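J.: The listed protein sequences correspond, in order, to chains A and B.
Take 15 as the starting number for the first sequence in my numbering and just add one per residue.
Take 981 as the starting number for the second sequence in my numbering and just add one per residue.
Treat the hints loosely; a few may be bogus.
[To be verified] Quick list of simulated restraints, FRET-style, between CB atoms:
| # | chain 1 | residue 1 | chain 2 | residue 2 | range |
| --- | --- | --- | --- | --- | --- |
| 1 | B | 995 | A | 211 | 49 to 55 Å |
| 2 | A | 227 | B | 1235 | 24 to 30 Å |
| 3 | B | 1129 | A | 100 | 25 to 31 Å |
| 4 | B | 1104 | A | 66 | 44 to 50 Å |
| 5 | A | 211 | B | 1129 | 25 to 31 Å |
| 6 | B | 1145 | A | 164 | 36 to 42 Å |
[Claimed, not checked] Partner residues aside, some chain B positions facing chain A, computed with beta carbon under 10 Å:
| # | residue |
| --- | --- |
| 7 | 1185 |
| 8 | 1193 |
| 9 | 1235 |
If you're looking for bench data, these hints aren't it; they were derived computationally from the structure.
For clarity, every value in this text was computed on a predicted model and none was experimentally measured.
Ideal placement from N, C-alpha and C gives every residue a C-beta, glycine not left out.
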Amino acid sequence: MKNNHVSRRRFAMMAGTVTAVGIAFAETAALTAEKVIERIKTDLGGDWPPDGPDGFKAGDPTTAVTGLATTAMATLEVLKQAAKDGANLVLTYEPTFFSRADGPSRVVAGTPGRGGPFGVPADDPVYQAKQEFIGKNHLVVFRLRDHWQARKENAMLTGLAESLGWTKYRVKEDDVLYDIPATSAEETVALIRSKLRLRGGLRAVGDRKARVRRVMLHPGVMTTATMWQRYTEADLIVAGEVREWENTHFAADLHSIGQKPGLVTVGRVASEDPGMRVCASWLETLAKEVPTRWISVGDPYWRAA
Amino acid sequence: MTGREVVELIKKNIGIPWNENSYRDTFKLGNPDTQVKGIGTTVMVTFGMLKRAHEAGLNMVISHEDTFWNDRDETKDLAAIPLYKLKTEYVLKNDMVIWRIHDHMHAMRPDFTVVGSLRSVGVKGGEDAVMRPRIYTIPETTFGDFASQVKRLTGSRAFRCVGDPGAKISKILLGPGYATPRMTAEADVVIGGEQQEADGAFDDVEYVLDAVSLGKAKGLIMLGHVVSEQPGMEDLAKWMRTFIKDVLIEFVPAEEPFWT
Chain A
15 MKNNHVSRRR FAMMAGTVTA VGIAFAETAA LTAEKVIERI KTDLGGDWPP
65 DGPDGFKAGD PTTAVTGLAT TAMATLEVLK QAAKDGANLV LTYEPTFFSR
115 ADGPSRVVAG TPGRGGPFGV PADDPVYQAK QEFIGKNHLV VFRLRDHWQA
165 RKENAMLTGL AESLGWTKYR VKEDDVLYDI PATSAEETVA LIRSKLRLRG
215 GLRAVGDRKA RVRRVMLHPG VMTTATMWQR YTEADLIVAG EVREWENTHF
265 AADLHSIGQK PGLVTVGRVA SEDPGMRVCA SWLETLAKEV PTRWISVGDP
315 YWRAA
Chain B
981 MTGREVVELI KKNIGIPWNE NSYRDTFKLG NPDTQVKGIG TTVMVTFGML
1031 KRAHEAGLNM VISHEDTFWN DRDETKDLAA IPLYKLKTEY VLKNDMVIWR
1081 IHDHMHAMRP DFTVVGSLRS VGVKGGEDAV MRPRIYTIPE TTFGDFASQV
1131 KRLTGSRAFR CVGDPGAKIS KILLGPGYAT PRMTAEADVV IGGEQQEADG
1181 AFDDVEYVLD AVSLGKAKGL IMLGHVVSEQ PGMEDLAKWM RTFIKDVLIE
1231 FVPAEEPFWT
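Model the full assembly from the supplied sequences, consistent with the hints where possible.
T.: Spelled out as structure tokens, the structure:
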């Protein structure tokens, strides 16, 4: 109920702003967040169930949009940048509020493994400060994950390849393999670190000196099913994250018996960052009235000195 | 003494009721009735660890984690994978037997994985630690200096930090393996093994980034699964020596898998 109250108040504030700014601004002001989302839903298609991950997470959907921002994860730093840039509708691939529940703590049904509530209690100070920042700056945050990654163009993949400078090396259309100019695993890792501007998030398994020609790209989370099915096809797998007792352990054992591939994990968000840059380019075609930008999260990790 | 007899002695001495329904704490490979020449405890049955155990004359491996790269050690999808065949053959050919102890270690008092992990990062007072995390207070230092201490003490090459290196910290919350605790209002630093980076039950990475953005002194250290739970397997070996005296029991570390 508290949220509804905030929402109505915010709506009133926005309505006031529109009146004050006047007629010249009216055309732009008429583009509300929910109108932009309607265009997105129409373009991407599919079902948008209310209990799915995609949807409004914060702010008032009737807010007039002054600009769009896409990001892999709507951290407070990303939101600060968006507010500074006048991009008040933020589309984020990962949650905003620290869990799959993406809001105050609740039990998420159908989640394997660990029980108990997900996320933070409603009175958590970081959660509250983030909500407050969003409210004060009239931001609207929408999570766009399932429908974006289901798009046949697979921009999460092509975006990552583009950031690595590997677009032209794609072996087959619609596939995840890239034949890069042959070099060592060590050299490839150095290139990945520099192209993705990584700090401490990259970790590699396997032979440093191994020759690398064919690379399999897998932004986000790679499961064992994927790795077991395709590992023989690549010299090196570059993924976002894996479970260490699964794929890391598997790659380490392969290395022990002198087999490929090596495995490089760059971090989940770092691997998803580039795909949301592609998302910004795509959005530009859907909402021409307002500017669109991509805000990089960057590598959250550093290493001890 | 057979592998089965070793396990019976563990059950008799563990001090908690044995849960026969645990799918984790079972024999994974080899003949449980094989004569045990020596026991190697480890956090992860890597191929490298298996070879080192065999070379040291230890034919029973007691591991905290899985053998076949999945928690249930399901093997039905592995038949076509040469590595699976090689690893299995190596164990059988050398008359080795693998048994896992995971759930019961985390239910034990103390939980050796937590005790060992706290000790390995230089946090004192955790000798009686259990799985449920609690705050440990260390002399105030900066997060960056604390991270350097963790690096020096653990010898880890690949652990990752999130947060402000300059933040003043003294309250530590630690959970090894996949039991990385949630950051709380009271804690300054959370130390875990591994955790889904986002979209999980609690996303420490994003929470710490945001807390730092608000000027709060918060930090996160992800040690890696092997590094975080490994030290406890040495404690397990020591504990087993108190009731198994006539068989050699050694701690055989698994290698930290990463380079950076």
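J.: Are the hints correct? Go through all of them and say.
T.: Now the hints, each set against the structure:
1. 995/B x 211/A: 49 to 55 Å: holds, 51 Å
2. 227/A x 1235/B: 24 to 30 Å: At 27 Å between Cβs, range holds.
3. 1129/B x 100/A: 25 to 31 Å: Taking Cβ atoms as reference, residue 1129/B and residue 100/A lie about 44 Å apart, which means the hint is violated.
4. 1104/B x 66/A: 44 to 50 Å: holds, 47 Å
5. 211/A x 1129/B: 25 to 31 Å: Taking Cβ atoms as reference, residue 211/A and residue 1129/B lie about 28 Å apart, which means the hint holds.
6. 1145/B x 164/A: 36 to 42 Å: holds, 39 Å
7. 1185: Result: holds, 5 Å to nearest chain A Cβ.
8. 1193: Residue 1193/B check passes; min Cβ-Cβ to chain A is 4 Å, inside 10 Å.
9. 1235: Holds: closest Cβ of chain A sits about 7 Å from residue 1235/B, inside 10 Å.
Of the hints listed earlier, the one the structure fails to meet is number 3.
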